[in-house]
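S.K.: Hey, can you work out the whole structure from these sequences and the hints?
Number of protein chains: 2
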Amino acid sequence: MGKEIKTREEDYAQWYNDLVIKGNLADYSAVRGCMVIKPYGFSLWEKMRDQLDRMFKDSGHVNAYFPLFIPKSFLTKEAAHVEGFAKECAVVTHYRLKNDPNGEGIIVDPEAKLEEELIVRPTSETIIWNTYKTWVQSYRDLPLLINQWSNVVRWEMRTRLFLRTTEFLWQEGHTAHATAQEAVDETIQMLNIYADFVENYMALPVIKGVKTESERFAGAIDTYCIEALMQDGKALQAGTSHFLGQNFAKAFDVKFSDKDNKLDYVWATSWGVSTRLVGALVMAHSDDDGLILPPKIAPLQVVIVPIYKGEDKKDLLNEKGKELAAQLKAAGVSVKFDDSDNARPGWKFAEYELKGVPVRIALGLRDLEKNEVEVARRDTKEKIPMSLDGLAGKICQLLEDIHQNIYNKALAYRDKHITKADTWEEFEKLLDEKGGFISAHWDGTAETEEAIKEKTKATIRCIPLNNPLENGKCILTGKPSTQRVLFARAY
Amino acid sequence: MGKEIKTREEDYAQWYNDLVIKGNLADYSAVRGCMVIKPYGFSLWEKMRDQLDRMFKDSGHVNAYFPLFIPKSFLTKEAAHVEGFAKECAVVTHYRLKNDPNGEGIIVDPEAKLEEELIVRPTSETIIWNTYKTWVQSYRDLPLLINQWSNVVRWEMRTRLFLRTTEFLWQEGHTAHATAQEAVDETIQMLNIYADFVENYMALPVIKGVKTESERFAGAIDTYCIEALMQDGKALQAGTSHFLGQNFAKAFDVKFSDKDNKLDYVWATSWGVSTRLVGALVMAHSDDDGLILPPKIAPLQVVIVPIYKGEDKKDLLNEKGKELAAQLKAAGVSVKFDDSDNARPGWKFAEYELKGVPVRIALGLRDLEKNEVEVARRDTKEKIPMSLDGLAGKICQLLEDIHQNIYNKALAYRDKHITKADTWEEFEKLLDEKGGFISAHWDGTAETEEAIKEKTKATIRCIPLNNPLENGKCILTGKPSTQRVLFARAY
Chain W
1 MGKEIKTREE DYAQWYNDLV IKGNLADYSA VRGCMVIKPY GFSLWEKMRD QLDRMFKDSG
61 HVNAYFPLFI PKSFLTKEAA HVEGFAKECA VVTHYRLKND PNGEGIIVDP EAKLEEELIV
121 RPTSETIIWN TYKTWVQSYR DLPLLINQWS NVVRWEMRTR LFLRTTEFLW QEGHTAHATA
181 QEAVDETIQM LNIYADFVEN YMALPVIKGV KTESERFAGA IDTYCIEALM QDGKALQAGT
241 SHFLGQNFAK AFDVKFSDKD NKLDYVWATS WGVSTRLVGA LVMAHSDDDG LILPPKIAPL
301 QVVIVPIYKG EDKKDLLNEK GKELAAQLKA AGVSVKFDDS DNARPGWKFA EYELKGVPVR
361 IALGLRDLEK NEVEVARRDT KEKIPMSLDG LAGKICQLLE DIHQNIYNKA LAYRDKHITK
421 ADTWEEFEKL LDEKGGFISA HWDGTAETEE AIKEKTKATI RCIPLNNPLE NGKCILTGKP
481 STQRVLFARA Y
Chain F
1 MGKEIKTREE DYAQWYNDLV IKGNLADYSA VRGCMVIKPY GFSLWEKMRD QLDRMFKDSG
61 HVNAYFPLFI PKSFLTKEAA HVEGFAKECA VVTHYRLKND PNGEGIIVDP EAKLEEELIV
121 RPTSETIIWN TYKTWVQSYR DLPLLINQWS NVVRWEMRTR LFLRTTEFLW QEGHTAHATA
181 QEAVDETIQM LNIYADFVEN YMALPVIKGV KTESERFAGA IDTYCIEALM QDGKALQAGT
241 SHFLGQNFAK AFDVKFSDKD NKLDYVWATS WGVSTRLVGA LVMAHSDDDG LILPPKIAPL
301 QVVIVPIYKG EDKKDLLNEK GKELAAQLKA AGVSVKFDDS DNARPGWKFA EYELKGVPVR
361 IALGLRDLEK NEVEVARRDT KEKIPMSLDG LAGKICQLLE DIHQNIYNKA LAYRDKHITK
421 ADTWEEFEKL LDEKGGFISA HWDGTAETEE AIKEKTKATI RCIPLNNPLE NGKCILTGKP
481 STQRVLFARA Y
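Chains as they are written, first to last, in my numbering: chain W, 1 to 491; chain F, 1 to 491.
No wet-lab data here; the hints were simulated from the structure. Using N, Cα and C, we set each Cβ at its ideal position, and we do this for glycine too. Warning: the hint list may mix true and false statements.
Stated by the list, open to error - Label pairs and their in silico Cβ distance ranges:
hint, chain 1, residue 1, chain 2, residue 2, range
1, W, A330, F, R96, 52 to 62 Å
2, F, A350, W, W135, 18 to 28 Å
3, F, K250, W, D401, 50 to 60 Å
4, F, S59, W, D401, 28 to 38 Å
5, W, D258, F, A350, 26 to 36 Å
M.R.: The following block contains the structure:
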């Protein structure tokens, strides 16, 4: 019965792929590194997107849309940006195809070569700041609080469904401010909104922190991030918010006159999350039987499965099922009454388990005689008989409980996997045997960071916000350090 | 006062551009033929998109996402499709940039040449049907009722904001069915949904019809369309729905086994509308003072402007204004209380007129003493004193009235501009002097259609659905004809 998936124990990477593909979230495509997001997966992304969009709008942001293409020369304007970033990307060089004169299908028309190549956006700072130049003259035009939902392309060598794909969907906020302080406040505000969303909707605890210089976004003064922990002990960066200072304003000459008519460069932020979050969700919560989706973003929260005994009282079961579905819908729950008769209940149970539907209600004749149904939670697999009286209210409460339980479980795992290391031996042993975040002293140099990465594949995930100061010695070099930072192997 | 816009009389094309740019809908970009959709314009598109999305979902469709890139070879698989279509497009040939060894910025890395070029999707039939091949085996997998919201690129030589841009946003539905009849029904259903949306939300009457063979989508058996009329007498195709037969299924070898275990090719439809609709909206309804937006999709339905007399009773006006805004919001109306004091009321009036906000409420002290406000309609520019008692209800009704009035006005104009022509002289004269749709006999050949187009720039917009049969003679050749068709010059 059902579809075969590897267990996490057997092969964690394959388990993940099985869930994504057999759980109908996504599929490989004919284009290297690009995925197809299937309807069930897209519906999950829509739920996440719509909630984030509400949170952006509630905090005063508006959406806009900027071109897919970036003139090649734009990428060179901000020195750090081009150095650290925009090399692996899709380059458009021609604008026409024509019939092959030798009759071999179609070829690129050599006469339709672009004067300047266009880059498919890997991120939009450059094209957007080139536009802001024409929108901003005075302090009255500020702040600009603009977000864009779009597709971006980064030519990744090793791709994984959702986690790292050549094309992905994301949002990118790009704001412009009159003062540094306002831009820093915006950067932190968006970090907090991301943390709020990931914790309270995706049920995934995160650590807020700031990146080291080497891990910073190319062109940023500071990169803030939220870091989550997956079940295999690897970290995953779930969102970033950048304070860009005046770097892009200077690169694209965006100045404004302040109240005293003095000209100054505009201050900037950018921030983004992507379809990568879907991958994080799958990896953080699911089990060997399939997906476990947090109720607040599950495309379907409740499924009702009637247990037919042949044709006996089928009408009664259908009537009760529809009635119950209507009650749940009226209570704001998304629900499906699955009366299809091309599959047996056991097959349906396995299918909805695989798909991570938070609550399953089995409607059987014997239970109905007792005015009851059997309610199964996806997260704990517990089966609870419940009276039909006031059931909708109880299901709403149960969905809340499930969210909290999924969150608590992930939090307990995460907290158990933040470990202090004070010697290099301990550090290596923890990485190999326990995984998770390792809190250790570091001498603050990029060289040491790089050396640790080369030796262990662990990177500094972040310096947590409000990190306590503490004198110590660098885990690798023994040089003095003033605080611990969080290391981990990461996706 | 305010921003200068050309009148329609002076220069219709410039009037349109002025409205789009000065009305803050869109802006030119640094990339040839690509536009920036500004926040106000994007918010209008969001309203349209969200309503369409609801209508698609209510009729059983789901969203998904397919890759931006299409392997070049895919375009050659459906012969008519490649012939008629996919030549002017953005071609990705390389996947990496590198530092110029001569120190001149960055160059395309010649070693990073793709084995097979990738085309930025001009439409997604090919990549989607290549995917459906793996999703469809049995009749149980059908129908697939999938829609995608995405960006597409067609390398247009002459572009105009919204109406024809190199990159644009759209939705493309791609459905797969077990029978021809079901696919035809789907094609017609989507045509009706488009007509419903454009008429009842955009307040723009349309003619439903079918395209002639030469105007058909490349790869379609039949292309159905909705055609609207702009104020300069030119037609605009507002949406299309295609019955694709088994063409793409054959090209990509998509077969299914029916209930009797017999293999057959799958039947297909595709259908789309785009940001072009924003252009149609602007052109169809607006006047020389600015945009006129239909209430159901206006980003902002009502603006309340307080008329301060210095500091005198400013608090009272602000209090009343906020109270009224809250009442309107509670009634489901989107409303802004504009208490900014950096502009005088007259300037604000002109600005909101330019932006097409359907209703403006002026809040003055003298009116308030009479328990009244002055309500101005954007569509008729009528000013109506209204009592504050039950104002929210009256405003809701007024918004309905405005929608109906905008629609009626466009309908009257459209109906006045469908004219019969029975001789070639009449035909040419009507085209040049009156414009609009010309209902005339045509001998049914592509040659005549082409000849008429060459002589007059008029094309056959459609053969209306349920067109009455009538014997006549072709307007150009005098050959026998069985029905009139609709000609027009078009965007």
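S.K.: If a hint holds in the structure, say so; if it does not, say that too.
M.R.: Evaluation of the provided hints:
no.: 1; hint: W:A330 - F:R96: 52 to 62 Å; verdict: holds (56 Å)
no.: 2; hint: F:A350 - W:W135: 18 to 28 Å; verdict: holds (20 Å)
no.: 3; hint: F:K250 - W:D401: 50 to 60 Å; verdict: holds (53 Å)
no.: 4; hint: F:S59 - W:D401: 28 to 38 Å; verdict: holds (35 Å)
no.: 5; hint: W:D258 - F:A350: 26 to 36 Å; verdict: holds (27 Å)
Of the numbered hints given earlier, the model fails none.
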